[in-house]
Amino acid sequence: MQKRSNKYYLTLSLKEYANGDTEPAKELGIQFDNHDEIFNIIEKIKDKNIFEDPNEATQFALGLKLFSEVKLKNRKNPLFEELNEVFPIFMKKLKSL
1 MQKRSNKYYL
11 TLSLKEYANG
21 DTEPAKELGI
31 QFDNHDEIFN
41 IIEKIKDKNI
51 FEDPNEATQF
61 ALGLKLFSEV
71 KLKNRKNPLF
81 EELNEVFPIF
91 MKKLKSL
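Here the sequence shown is numbered in the numbering used here, starting from 1 and rising by one per residue.
One thing to keep in mind: the hints can contain errors.
Stated by the list, open to error - Under the rule of at most 30 Å between Cα atoms (straight-line distance), these lysine-lysine pairs were calculated in the BS3-like manner:
id	residue 1	residue 2
1	3	93
2	95	3
3	26	73
4	44	7
As the list claims (entries may be wrong) - Now the in silico label distances, taken between C-beta atoms and shown as ranges:
id	residue 1	residue 2	range
5	82	11	29 to 37 Å
6	22	87	31 to 39 Å
7	96	20	36 to 44 Å
Source of the hints: derived by calculation from the structure; they are not laboratory data. Nothing here was measured: the structure is a model prediction, and the numbers come from that model. Positions of the beta carbon are idealized from the N, C-alpha and C atoms, including for glycine.
Produce the complete structure using the sequences and hints provided.
Here it is, written out as structure tokens:
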């Protein structure tokens, strides 16, 4: 039986280049599944006040959830070998804050 997961669609738009140009515009949209409700995770991270800037809390939470779900689905991939040992420690530390 397959585990149920939340289904998301994320749009990333490049609004302005470092040199100030706004063209050519770029946009990427991806669909993905995640076992967590990411909006709740974002709010929890913001509530912890780990970062001074709430936007950084959102970036962190979103990046972490995207990364960790891929890592979880590919846990046997040699790329994640070293992380498999330390990532649970990191997650416990984050949850304890």
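We went through each hint and held it up to the structure:
no. : hint                : verdict
1   : 3 x 93              : 26 Å, holds
2   : 95 x 3              : 23 Å, holds
3   : 26 x 73             : 29 Å, holds
4   : 44 x 7              : 20 Å, holds
5   : 82 x 11: 29 to 37 Å : 32 Å, holds
6   : 22 x 87: 31 to 39 Å : 38 Å, holds
7   : 96 x 20: 36 to 44 Å : 43 Å, holds
Hint check: no violations occur; every hint is consistent with the structure.
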